[in-house]
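Engineer: This is what each chain is made of:
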Amino acid sequence: MTSFLSTLIELISKYRVWGVLLIFIGIICHLLRVILDEDRSAAWRARIYKAIYKIFGKSEAEKKYIENDISSRINFARRNMPFGKETLPKAIKVEWVEGRKGETAHIKENEIVVRLDPADLQEKNIVILADALVKQTSLIGIRHILNEPLELSMDLNLVKNLLREIGDRRVLDWFFRNEYQPNIDKSNEIKEWNGKIVEIDERGLFTRLLLVELDDYSKRLMGRSASPEMFNEIAGLVNFLYRIATKAYSQDVPLDYIKRNIKIGVILVGETSKILYDGIEPYLKAFIYKMRQEITSIYLIQFDKELLGVTIPQVYEQFVELTERLNKKIKERSRVQMDFELKYVCTDAFGNKRKAKISRYIPEYVSQ
Amino acid sequence: MEREKEVIRTIYHKDVANFFESIGLSEKLANGEIRCSVCGEIITLDNFRAVARKSENLLFCCDKESCIHEFTSRLRGDKT
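Taken in sequence, the protein lines are chains G and P. Heads up: the first sequence begins at 1 in my numbering, then just goes up one per residue. Heads up: the second sequence begins at 1001 in my numbering, then just goes up one per residue.
Same shape as in the complex, but just chain G (with noise of 0.2 Å):
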C-alpha cells in the first residue's frame, strides 16, 4: 500500500497534470472494470452496504449486504473451479421471498426456499448455499442412480472445492466443524467413499475426469430408470479412479475402463525417466490400442517432477517439450479430437506439490 502510494506521488511530482491525468484515468478503467464484471460489483455493493448497515442498522442494508456478499463470494470462487471447458457449479443469485402481508409467498414443485441468518453469520449463510447451489446443479440426471453415500461423499468434496476457493477460513472451519466432519462420521461406507473421492480430488481427476464422465453418461442415460448395473458401472469408474490416484511408482493398474455406458482409457505420462529413455511412442502406440477398443473418451495425464525442474533444468526441458510433442503427434496421427487440456497443480500420494496437465481426446467415431 505505501510502495503504491509512493509510485502516486512519484508520478504526480514527476509529470504534474499529466500524472494527474494518468491516475484518473486509471480510476476511470478500475471502476469500468468492477461496472462490468458483475461479481466485483456485487462484491463492491456487499462492502458498502455492509457499513451502512454497520452504521445505521438497517435491515435493508443487511439484506444488500447478504445478498451481495454470497453472490459476489460463490460466484468468484466457481470461477476457478474447472468442469471440463466449464466451469462448475453454476452462478448463483439470491432473491428475497418478500412474504408481504396480503401477498403470498408461492413455492413451486420441488423448489426448496431457504432461511438466511443475520449478517453476523454470515459464513453459516455462505455454507448453506454453497449446499444448496452444488445440489442443485450437479450431478444432474445420476443422482438417482447413486447410493446416499457415495452421492454424499460426492457433494461434500464439491462443496469443500467451492468454500476452499473462497479462501476464507472461517468459512472452511464452519463447514468442516459442522457440515464435513458430522457426515462423513455418519457411516464406514461413507467413510469409504469419501477417502476414495478425495484421494481422486488431491491428483486434481474430480472435478476434471470424475464429473466430467458422469455428466456425459447422465447425458447418455437421460430418460431411464435406475437400474443395479448403472450403479456398478458409476461405482466401478470411482473405483478405476481411485487406483490411478493411490497407484505406487512401478505399480501396474488397469488404464482401461470399459463397460456398456461408460467406455474411457487413461494414458498416464507420470514417471519421467521413462518417457525420456523410451521416447513418445511407447505412449503413441497405447493410444492407438484404446482407439481400437472403441473407447469413447482418452484422457492423456502428465504429472511433473518439479525437483527435476530444479536440480536438472536442462532435462525438465526435455520432458516438457516430449509432452508437448506427443500431443501433437496424438493429433497428426490419430482421428481425434481434443476436448480440453488443463494445467493445474496437485499433490501426489507422498504429499509432494506437482504440476500436472490432463487433456481429453475424443475419437472421431464418437460423433459420427
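Treat the hints with care, since some could be wrong.
Heads up, simulated DMTMM-like pairs for lysine to aspartate or glutamate below, C-alpha to C-alpha not over 20 Å straight-line [what the hints assert, rightly or not]:
#	chain 1	residue 1	chain 2	residue 2
1	G	K124	P	E1004
2	P	K1005	G	D215
3	G	K160	P	E1065
4	G	K108	P	E1065
5	P	K1005	G	D37
6	P	K1014	G	D120
7	P	K1014	G	E123
8	G	K108	P	E1006
9	G	K160	P	E1021
10	G	K90	P	E1004
11	P	K1005	G	E109
12	P	K1005	G	E38
13	P	K1064	G	D215
14	G	K219	P	E1004
To be clear, the hints were calculated from the coordinates, so they are not data collected in a lab.
With chain G held as given, fit chain P onto it using these hints.
Structural biologist: Relative to chain G, chain P alone:
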C-alpha cells in the same frame, strides 16, 4: 454476455413471521402443528430453516445441520 444462473430463494430472518402469514400457516405455526419433515421436531419462528413443495405438499425443515442436509438430499434425488 448473460450467464446461466441458479436462483435460490431465501427468507430474511426478520421476515419469517410474515412469510408464514403469507402462506396461511401462521396459526398452525403458533399452535405447534408444523413439524420438521426429517426429525419431527416442532417448527418455531426461531428454529425454522427451510421449506419445499413436494407433490403439492409443503415440507418444512428445522435448523439442525443434519436435518437440512438430509432435507435437500431427499428432494434432489429420488432413490430407487
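Engineer: Could you run down the list of hints and mark each one as holding or not?
Structural biologist: To see whether the hints hold, each was checked on the structure:
1. K124(G) to E1004(P): violated, 25 Å
2. K1005(P) to D215(G): Given that 20 Å is the threshold and the Cα spacing comes to 18 Å, the pair holds.
3. K160(G) to E1065(P): Holds - the C-alpha atoms of E1065(P) and K160(G) are around 16 Å apart, at most 20 Å.
4. K108(G) to E1065(P): violated, 24 Å
5. K1005(P) to D37(G): holds, 15 Å
6. K1014(P) to D120(G): The given pair, whose Cα atoms are some 14 Å apart, holds under the 20 Å limit.
7. K1014(P) to E123(G): holds, 18 Å
8. K108(G) to E1006(P): Status holds; Cα separation ~14 Å.
9. K160(G) to E1021(P): Not satisfied, since the Cα-Cα distance of roughly 36 Å exceeds 20 Å.
10. K90(G) to E1004(P): Holds: K90(G) and E1004(P) sit about 6 Å apart, inside 20 Å.
11. K1005(P) to E109(G): Roughly 19 Å between the alpha carbons, so the hint for K1005(P) and E109(G) holds.
12. K1005(P) to E38(G): Status holds; Cα separation ~12 Å.
13. K1064(P) to D215(G): The given pair, whose Cα atoms are some 32 Å apart, is violated under the 20 Å limit.
14. K219(G) to E1004(P): holds, 19 Å
Against the hints set out earlier in the document, violations occur for numbers 1, 4, 9, 13.
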